[in-house]
Each structure stands twice: as structure tokens, then as C-alpha cells.
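Residue numbers (our numbering), protein chains in the order written: chain H, 1 to 158; chain E, 1001 to 1114; chain B, 2001 to 2542.
Do not rely on the hints blindly, as some may be mistaken.
[Said to hold, decoys possible] Among the chain B residues that face chain H by a calculated CB cut under 10 Å, a handful are:
(1) Glu2004
(2) Thr2005
(3) Phe2027
(4) Tyr2052
(5) Val2067
(6) Ile2196
(7) Pro2521
[Claimed, not checked] Take a look, some chain B residues computed to stay more than 12 Å from chain H by CB distance:
(8) Leu2013
(9) Leu2024
(10) Phe2068
(11) Phe2082
(12) Arg2085
(13) Gln2200
(14) Lys2320
(15) Pro2430
(16) Tyr2446
(17) Val2448
(18) Leu2462
(19) Lys2469
(20) Glu2488
(21) Phe2502
(22) Thr2534
(23) Met2537
If you are wondering where the hints come from, they were derived from the structure by calculation, not from laboratory data.
Ideal Cβ positions, reconstructed from N, Cα and C, are used throughout, including at glycine.
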Amino acid sequence: MSGMSKIVKTISNIIFPFITIFGLYVIAHGHLTPGGGFQGGAIVASGCAMILVAYGSLWTMDKIKEKQLSILESLGAIGFIGVAFLGLIFGLVFFKNFLVNQDTIPIFNEIGKGLSNINTAGVLPLMNFAVGLKVIVGLFVIVLVMAYATRPNGGEIE
Amino acid sequence: MIYNIPYFAVVALILVGLYAVIFKRNLIKIVIGISLIESGVNLFLITLAYRQDSTAPIYHGSGSRIMSLPVPHALTLTSIVIGVAVTALMLSLIIHLYRHYGTLDARKIAEEEE
Amino acid sequence: MNLETVITHSPALIVAVPLLGAFLTPFIGKISDKVRNVFVILTVGLTFFLVYLLASDVFANGIRIYVFGGDSSVIVSGESTFAIRILFEVDGMNAFMAIIASILAIASVIYSWAYMKENTGLDKFYTLILLLIAGMFGMILTGDLFNFFVFLEITSIASCALIAFWTNKGKSVDAGFKYIVISSIGALFVLFAIGILYSQYNALNMAVLANSIQYTFLDKIALGLLVAGLAMKAGIVPMHMWLPDAYGKAPSTVTLILIGATQTSIYGVLRVTFTLYGNQLTSTLKQIGNTSVTMNWILGIIIVALALITIVIGVLMALKQTDFKRMIAFAAVGEIGYIFLAIGSVIISYGQIIANGNMDLTGPAGMALQGGIFHIINDALDIGLLFLVAGAIYYSTKQTSLNEMGGLARNMKYTTVFFIIGLLAVAGMPPMNGFASKLLIYQSTYLVNPIIAIVAIVFSILLLAVFVKVFHSAFLGPKLQKFKDVKEAPKSMLIAMGVITFIIIVFGLFPNLVVENIIQPAAKAIIDHSSYITTVMGGVLP
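Looking at chain H on its own, in the form it has when it is part of the complex:
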């Protein structure tokens, strides 16, 4: 499908960084305020979908190769499982939160309400980042491929 007018493209260029920053904030503070991996990822993905609607699926498919996005998605998934396996190696139980209540890396040891810092919950923010990356890329690829497949003449993927 073709893009929209110049006014729409300009406004979506201006708004897109704000949406991305807000989404990344929701991902990063998932262990303190409502939010987390999936919610923040959905916010950033809807920002990317706004860019897709404003510029048209043909232009976006030329600029972004779908194969590179698949690599990013797999990296997010491997990050999640890798952290779980690290819990097995360092903490003797699968999925264990091995960065909390320990003395070798004391930077992760602050726990408690009232301190809204990222390093207060051990392994949880790392898993949030991995899930957030996977959700951003995954939802964006779904919308991109569907928009490309329903363009007016033809519609063959890859």
C-alpha cells in the first residue's frame, strides 16, 4: 500500500521518538510499576506500526529486510532461555534468581519498596529486556508481513 501525505509523515516522525522512549521506560521499570516485557514491547510496536502506516508497506519493505529482524527475534528468545540456564549453573535450580542476596556482585543487592532503581530485583530486569526485544520485533514483523501480503497487485512474500 502506498504512503500518506507529507503532513502525516512529518507528524509521525516527530512523535515516534516519544513513543519509543515511553515504551522503553515501561519495559525497564517492569519490576516496580505496572508494565514489563510484553506491555512495553506492545507500546513500541504500535509506534513502529504508525510509521508503517504513514510511509506505506512498499517503502518499508525495501528499507528493512525481514531476515535481519528474524535474527533479532531469535536473539531475544535465546537471551531469556540463557538467563534461565545461568540460574541453573550458578544457583543450582532452574530459573533461580541468582543475583539477589549474594556477595560476589553486591550491586544487585538492594531490595525493598521506595527505591525505584533498576538494580533492585536481580535477574528480573534482564529477563524483561529480553522479552521486550522479542515482543517489539515479533509484533512489528507480523504487521509488516500482513500489510505487504495484502497490497493491491499480487502479494507474494519472499
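Got chain H; can you put chains E and B on it based on the hints?
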């Protein structure tokens, strides 16, 4: 009595969704029906978590009120994620079906022989 | 890293190793195709080895628990204990289902080396197969109800994408769409029932729920919704419409693992009925005169009635099909009816097993339970072998319709032999394994009501007639001109079929060994719900 209204809404949503899945022939309407059933079940899970005069289950420094149960909120979030994945999958299958058969009518697709 | 630590961590590793393999497959696929295939087979082989270790330990030593992210399964505060962590609990029944799933998984991955060779997009195919295997093992091994629901949804999404894999044919995509609609409605019913149970008892753990369940009105609704949702995924009439399409139009590799996913739903029904509601299964509903109408009587009658209708419809519809794979799929519907017939008979006569407090497995109810559980593994192996043969014929001749085939026995000798063995096993002829389990089912249902056993025997003979007709028209007969240079199936397909045939013959020749070592621990474990509870709660029953 006023605290029972969400349960009536749940039953109404699920019944309308089941009617749409069973009796409608357009494929997109079947997908909308499944989405309605999901919304009904999610609403049911969140309504179970409410206690009277309770606030959100987040720690903040001031005061202490009763908090509503946090576990059903986590269950509902998982269910919403699963619903997104299932809806995306169903819509992709509908795109393939439309490209192959040229129609969105479920009964016409069932009668075709390849 | 000695063997003891591996066995301790194996419930988590059995689910985590296919998951990690699924996410690493796109990277390894960029190197070459052969390396990716070898990597997938190695991953499934490692899982099979871990299942064998875990099963031999559980059959010898008893129930094992694995707690995620913590040290102990209960948290004691004051004098009350809470079991709030997600845990995997493996007893005899779980180990038995894990053995079935791993045999099917490794046979299908070996089969797919040659069967899917000319298709594109095989990276995504193998990723989805490993995800499906991980979801199936998660459903089998878990001890937490919501965890069961999540893995159930993972399995249905992955298998729907695999059923619709051949997107150039419209019928496959239509079959996948029907499958995901029915599967998603069933799973939402299960989630609704989990919500009802959580709101009453404030626990999601199966052992804690089994301990504290009382039989209120809401619990009856929850039981009905749970059994209905899981039966929708297992394929009982009247919700069997997706089975012939999904089994018939999918690639044969996928059908084999899909059979495993269907059996796991049957395991879900067993777990809910016997362990979760185990204490209340003989509670009285009404008193009519002198006799008391108990819950197990009503539930058992409903299940037996539906199972009989399933057998009748399955076999009769199989008679009039002309498509090879669809006919085998309808036979699969009939076999699921047999399993539910045995389960229904056990539920009706539940009082005899737990008479006087100790478990008595030699009476008719115990025989029915052993027959039903034995038939789960026999049905999976027999129907799986028939689907692999149908896939081999499709690969060599590109035909699926019975009207066009003929005289294939001259070219495909090994495939013919495998088909004969599968035919005898499905129909329940000695010396195959189908005979042993069907004999147990006939004996035990005769004691409940003679008419049920007669119907079951008659339709089993009809099934033999169906398949003899298929054998005659497809394999015997004069050689057709268009099949002149049809070759035998490739070696990897023959290896997969040979493995399953070997297990069928071994089970058929030594049924006593199998029943003593594998089936009886499973049957004892599913009845014995009190030790399931006390293993989690650490002996403290609040």
C-alpha cells in the same frame, strides 16, 4: 447487587461470542467471536481479584489500604498475550484462504474439492 | 556432573532442551541443511535419553518433585504452610506418558529427514516441531494447573501452524483454521474453570487443590467445563469434526506428533478426574429410595455413552472413505472411543478399587484401568505406523486416493510388510499388542454390562474388514502402468517405520512384562492421590 454486574457482563460476552462462532458464515466474524469469548474470560479473571475498598497491588510509601489480589492480574496478562498470538495466526490463515479461493464464506470453502 | 544431579534436574531439562534447540535452529540453519537436520535429531535424542533416565528412576523409587526458582516446595510462616511455587511433579503416570511422547518424537524427526526434503522454509518447520515437542513435554510433566493451560496453548498454536504447512493447497489451510478455532474455544473453557477453582480455594497447585476441594455447586460447574474443554481437544463425538481434516491434510511427520498431543489431552482428563477430584468422586448426589446416586455413576455413564457413539461413528465413517489418510483418521477416532470406554468403566466401578482403604488392582475395575492405559500406548503406535505408511505411499506415488492405487506390493516390499503388521495391530489380532489391550478392555467391560462388550467386539471386527479392503485395493492386484518405476521409500523413512514395528512386536510377544513393569506403576500412581498430595505438602496436611 451492584457488585454482581461484571458477572452478568461476562456471561453475556461469552454467549454472544459462542453465537458468532457457531452460526455465522463469514470467516472474519468467527475470529471476532473468538475474540469476544477471550474478552469475557479475561474480564471474569479480573473481577475475581477485587476486594471491597481495595487499591492496586503496588507498594508506595504512603498509608496502608487493602490491596486487591495480584495473582489473577498475572493470569489475565498471560491470557491476553496468548490471545494476541492466536488472533494473528488466524488472520494469516484467512489471508491464505482468500488468496486461494477468492471467497470468505466458510460453507463455500467446505464444498470445494481442492 | 554425575548421573544423580542429571536425574535431579531432568524434569526441567526435558522441557528446556527442546526449547533452547528451537531458538538456536535459525542460526544453525544458516550454515547448511544437513548440519541443521543432525542438530535437530541430536536434540531430540538427548531428550529421549533424559526421559529414559527419569522414567527408570521414577518406576523404581517413587514420586519426584522439581521446584522452579526456589529450594523447597512449601513456605512455612508461623504454623501454616503455603505451596506457592510452580513445580513439576513426576509420578508413574507422567513417566509413562513421557515415554510415549519421546518415542513418537524421535520417530517423526527421523522420518522427516527424507519426507520433507524438497520443501522450502524448513528452518521454520524444525523450529515449530521443537516448540511442539517442548510444549507437549511441559503439559505432561507439570504439577500446576495454570502451567498446564499455558503449555496446552503453546502446543495448539505450534501444531496449527504445522498442519497448515503446505500453504499451496487450500485444504490444508482450511484444516488448520478449523483446528485452531475448536482448540482455542476448548482452552478458554479450561481457563474459565481454573478461574472458578482459584477464586474458591486460593491455590493453583494440583496437590493443594486436591487436598482442599469440597464438592460445592461451583465445583461441579468447574468439573464439567474442564472435562468438556479437554474432551474437545481429544476428539470425542460430537466434537470430532477437526480430526479427519487435521490428521488427513497435514504432513505425516506432523500427524505423528499430533497423535501424541491428542493422547496428552486424554491424560489431562485422567489427571483431573482421579487426582484433583479424587476425594469427592464417590460423594452422593441424591438419595432415591434405597440406592444413592453418586457422582462417579453419573460421570461414568455419560463417558461410556459418548465413547460408544464415538466407536460406532468412527468405524462406520471409515467404511465409506476413498481417501487413504482420512480413513485412517476415522479409525483413530474409533480407537479413542475404546480408551474412553475403559476409562468410563473404571469411573463407574470406582468403589471397588478403594474398598477398605487399600488399592486392589486385580478386580474388574483394576483390569479396565490397566487395559485403558495400555491401549493409550498401543493406539499411538499402531495409528502412527499406519500414517507413516500412508506418507511413504504419498511420497513415492503422489497419490492419496484409493481409487487410483493398485499393485504396489511388487515395488515397495518393506512398506507392504509394515502395513500388514499395522493392520493386524489396529484390529486386535494376536500376536500384536492391540490384542493384549483389547482383551483387557473386553473382559472388564463385559462385567459392567455385556452389551457394551459385544458392541466393542463387533466394531473391532468391522475395523479389520475396512483395512483388509484397503490392503487389497492398494497393494495387491495387477501392476498399473503409471506406477512402473515407483521405487521403495527412502532409508530414513524405513528406519522410522522399523523402530515402531519393532516396539509393536515386542509389546505383543511379551505383554506380561510390559504390564508389570510399565503399566501397573502408572495405574497405581493415578489412583493413589493421597501420596501425590503428601509428597508436595511434606507430610503436613492443614
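Let me make sure I understand: some of the numbered hints might not hold for this structure. Which ones are they, in numerical order? 1, 4, 6, 7, 8, 9, 10 and 12
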